[in-house]
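Protein chains in written order, with the numbering used here: chain P, 1 to 171; chain S, 1 to 171.
Because the hints were derived from the structure by calculation, they are not lab data. Values in this document were obtained by computation on a predicted structure and should not be read as measured data.
DSSO-like mimics (lysine-lysine), calculated; alpha carbons at most 27 Å apart, straight line:
{"id": "1", "chain 1": "S", "residue 1": "Lys-165", "chain 2": "S", "residue 2": "Lys-57"}
{"id": "2", "chain 1": "S", "residue 1": "Lys-166", "chain 2": "S", "residue 2": "Lys-16"}
{"id": "3", "chain 1": "S", "residue 1": "Lys-129", "chain 2": "P", "residue 2": "Lys-54"}
{"id": "4", "chain 1": "P", "residue 1": "Lys-54", "chain 2": "S", "residue 2": "Lys-132"}
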Amino acid sequence: MKSNKGESRRSQPIRNIALGGVICGVVLLSILLLVAWHESNWGHEIFSHICHQKGDRCLILGRATLPVCSRCFGIYLGIILGCFAQLFMDLRLRLTSNTLWTVLAGATFANGLDVLLELMYVYSNQLSLRFVLGLCLGASVVLFVLCRAVTPSLPNQNRCSNRLPSEVSEG
Amino acid sequence: MTEDPEFVNLDECPIKPALLAGGAVSFVLTLFPLSYALCCLPLVIGGFVATTTFVSKYRIRVEIKIGMKVAILSCLAGFGASTILYDLLWVAFDYRIGLNWHLELLSNFAESAPESSRGQLLESIEILKSRKIGFVVVVQQVLTLIVTSGIGGAIGGAVASTLLKKGSLAQ
Chain P
1 MKSNKGESRR
11 SQPIRNIALG
21 GVICGVVLLS
31 ILLLVAWHES
41 NWGHEIFSHI
51 CHQKGDRCLI
61 LGRATLPVCS
71 RCFGIYLGII
81 LGCFAQLFMD
91 LRLRLTSNTL
101 WTVLAGATFA
111 NGLDVLLELM
121 YVYSNQLSLR
131 FVLGLCLGAS
141 VVLFVLCRAV
151 TPSLPNQNRC
161 SNRLPSEVSE
171 G
Chain S
1 MTEDPEFVNL
11 DECPIKPALL
21 AGGAVSFVLT
31 LFPLSYALCC
41 LPLVIGGFVA
51 TTTFVSKYRI
61 RVEIKIGMKV
71 AILSCLAGFG
81 ASTILYDLLW
91 VAFDYRIGLN
101 WHLELLSNFA
111 ESAPESSRGQ
121 LLESIEILKS
131 RKIGFVVVVQ
141 QVLTLIVTSG
151 IGGAIGGAVA
161 STLLKKGSLA
171 Q
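Throw the hints in and build the complete structure from the sequences for me.
Following this line, the structure appears as structure tokens:
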């Protein structure tokens with residue numbers, strides 16, 4: 001009981017970072033949607049340094065084209081969802097290191113394979129697939145980072161372990 | 001044989017060497033318009049290098065927010081320096097680094113794009129060609145610098161601080 005309370009206190013900075021991630025992510029998505037809605041060339045230029053903005057690879061909402069491609073949009077949305085999940089479900093206490101590594105490696109490999117298959121003309125321009133893979137990559141990266149992050153030590157704490165809370169509770 | 005202390009005072013670890021290393025990588029990778037094709041990966045790499053340098057140099061592990069801060073600052077420094085150099089060459093010699101490559105890339109995109117987005121791409125090529133440097137462009141560059149460094153640096157720094165967890169905890 002006592003260790004759970006301590007762990008909960010140690011997780012507080014991670015929750016703060018997750019909250020920050022949700023807020024920054026929502027602001028970013030709002031800006032993306034506003035730029036698309038106003039069809040602003042000026043706004044599109046701002047995002048030209050973080051995405052190729054190839055027209056047929058961007059999601060179109062109504063008549064508005066998003067200023068980033070569907071994979072980038074998926075990654076941003078995945079980051080928000082990952083932060084959201086950590087914030088409300090406290091996955092740090094549930095996911096083991098092996099699970100996190102497996103999910104991250106799987107998402108990275110799937111994205112790499114998608115790029116490769118497109119380059120080899122096995123298929124072309126699967127917008128929804130690219131979006132879903134981006135979503136998985138964003139969420140897996142953010143969960144990997146938040147669940148494995150180093151937490152600050154509390155007063156009277158002798159040793160700060162590298163092990164995940166889920167692994168500590170397993171003994 | 002001496003053991004590493006459990007905690008290190010963060011004030012005793014200046015971030016300048018990490019900023020230089022990460023900034024240099026960000027500078028090189030953003031000077032040429034690789035970012036148009038690789039999304040925010042150049043800045044993620046720059047941020048990752050900065051935090052890795054910081055952690056390795058002092059043999060410490062850091063909280064995620066410290067890693068992100070170092071990475072974002074190095075991305076701001078490196079990308080900022082490359083933007084200044086780009087603008088200086090633009091003003092002095094009317095030469096824009098990588099413009100021809102970027103125009104060629106956009107033309108290729110336009111050729112393979114569907115009718116609906118081709119017009120928009122051709123329009124953006126014309127805008128890019130006829131662009132003159134001025135206050136509006138500089139404001140746009142500043143916004144780009146903040147947004148891209150924020151995203152790329154945050155991802156790179158967070159991943160580096162999560163992966164490298166050997167040594168004393170700096171706080």
